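One-letter residues, chain by chain:
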Amino acid sequence: MTMISKNSNSSSKWREILRSRTLFVWLLITPAALFMFLIVGWPLLETIRLSFTNAGLGGEQYIGWENYEKLLNNRKYPAIVGRTFYWMFLSVLLKMVIGTAGALLLNAKIRGKATFRVMVMPPWIVPMAIGCIGWLWLYNGHFGILAGVLMRLGIIDGPFEFLAYKSSAFYSAVVTDVWIGTPMIAIFILAAMQSVPDDLYEAAYVDGASRWYRFRRITIPQIMPVIVTMSLLSAIWTFNSFEVIWILTEGGPRGATTTMIIDTYKMAIANYKFGYGATRALMVVLSLAVFSLLYLILLNKVNERYKTK
Amino acid sequence: MGKYTLLQKTGLYLAMTVFMTFILLPFLEMFMASLRPLEHLFRSPYQFWSNDMSFQAYFDIWNTVPMLARYIFNSVFLASVTTALCLSFVIPAAYAYARFHFKGKSVTLGLFLAVNMFAGAVLLIPLYKLLRSMGLLNTYAAMFVPGAAFLVPTGIWLLKSYLEKIPIELEESAWIDGASRIYILRKVVIPLAVPGLIVVGVATFIGAYAQQFLFAITFNQKREFMPLPAGIFEFVGYQSVIWNQLMAASIVGIIPVLLIFLFLQRYLVEGLTKGALKG
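These protein sequence lines are chains W and A, in that order. My numbering puts the first residue of the first sequence at -4, with every later residue one more than the last. My numbering puts the first residue of the second sequence at 205, with every later residue one more than the last.
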């Protein structure tokens, strides 16, 4: 598509040359491709191989499907999978809703909007581990500002340790994850809003359309492609989110925040069960692949329906 | 087109305040905690302001964790090397995808993008083996090599959409004049792509800086190579946490990246979004 330019002689010749020189193209791509194979491709293959072994600190032996059978018969594993998807859906939903609302605010023509657009970025650009340290103190039941304010307001009677109870720890981790993920989504949706041609709004305004109507009928359809793409990307990142949970709770209390990625890390790194850990790692990859595929298929269906209308 | 009424304006500012509070509260809390003496931190009920606040913790951190300055340097250094390594793979590949048609284009591009599905945490064991067999464990490379790899796909995607917007005519005329392909890439394409390269570079740098933790705690045991997000946990002892200094060190640690961001933010926010969306 980029090749479409003037139909002059020189450009058609240039295009021909560009097309014919596949060698040059592969020369450009090969370094990146080899690098990705080395750091992602080979480790993936090795993970598959390891998943059929009992690799640990004491060497490894081929054991067939034993790890898989063990995992499928593990009573606790379905809960971890369920929790991971719940974590992903909840966190992504909140990120998209708050991100879109944030983008709308940042897009409004009010004084100081340039400053606000800068102020929204820190959670994204600061190292995740350091952002989480701030939240760690916020969630402190005795001395953090959240418990402090809630106590002053009389909503809670005494100190409340946000990270000490199963469900409050889970939702606290979700909030922190949303905090990290929202700025980027807000900025991308903001950009999508700004790329909507002004004359669309002007025409609607002249026709007497209300602000709400313009938002529903112009903004939303125009930013939909970005929302759809960002949702998928965000879902993948959220599914794989490691730092937030690890720093806040290490998967606790009593497993309440153990998602598949935390579970995999614990099994492989903390317990040195490399083979069994590899099986769990593959479940993460498989779940994400299935989810992404379903998402894209669904998306295609929706798109087709819109087209035929 | 439709000015806001006073009511709408108030509502907007109110909503903005709520939104910004959510975004900035952890930083505010971090800063406030860094100003309190340690004994005061463990005082209940919560006090927002008190007279014994001081910047003392900002002086003490360098004694409590003597390597702190080194950790901060390591963070910036690692992020820079990661970015350089990443871009050296991204630039040629993005150029290829932006300018040429070839068999397997969409398949290979799809494969690159699919890498986004793999978190580093999933591949830790084989990566550990790989780095060990290359003799890279406990070096800077143990962190920047895998770090760069996971930033390559997004880099290609972002830069590709930039390069596609550079008019092709200039390259054509250089070609007619007898310039070689490499010469065209170096002297025509790259200079024109500088704004895009800055955006991709800064985005990569931020990604590299933000994600320093997992590889650092897994592939490196040597303190002299540790980046700040890993080293900062030295303030967390087995018995107690020196909270005020932990917060002070966090604030100090995010200053470099905040400065870089403030310096380049106009480029970044505008460029990142426009490049990514209109490609």
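In case anyone wonders, no lab produced these hints; they're calculated from the structure. Don't take every hint at face value.
Unchecked claim - Here are the simulated PhoX-like cross-link-like pairs (lysine-lysine), alpha carbons at most 25 Å apart as the crow flies:
id: 1; chain 1: A; residue 1: K207; chain 2: A; residue 2: K307
id: 2; chain 1: A; residue 1: K333; chain 2: W; residue 2: K268
id: 3; chain 1: W; residue 1: K261; chain 2: A; residue 2: K307
What the hints assert, rightly or not - Counterexamples of contact, computed for chain W against chain A with all Cβ distances above 10 Å:
id: 4; residue: Q56
id: 5; residue: E61
id: 6; residue: L66
id: 7; residue: K71
id: 8; residue: G77
id: 9; residue: R78
id: 10; residue: K104
id: 11; residue: L133
id: 12; residue: I150
id: 13; residue: T214
id: 14; residue: A273
id: 15; residue: N295
id: 16; residue: K296
id: 17; residue: R300
Just so you know, these numbers come straight off a predicted model, no measurement behind them. Every residue gets a Cβ at the ideal spot worked out from N, C-alpha and C, and that includes glycine.
Here is what the structure says about each hint:
no., hint, result
1, A:K207 with A:K307, "53 Å, violated"
2, A:K333 with W:K268, "14 Å, holds"
3, W:K261 with A:K307, "42 Å, violated"
4, Q56, "16 Å, holds"
5, E61, "18 Å, holds"
6, L66, "15 Å, holds"
7, K71, "19 Å, holds"
8, G77, "19 Å, holds"
9, R78, "16 Å, holds"
10, K104, "8 Å, violated"
11, L133, "5 Å, violated"
12, I150, "13 Å, holds"
13, T214, "13 Å, holds"
14, A273, "6 Å, violated"
15, N295, "15 Å, holds"
16, K296, "20 Å, holds"
17, R300, "24 Å, holds"
When the structure is compared with the earlier hints, violations turn up for hints 1, 3, 10, 11 and 14 and for no others.
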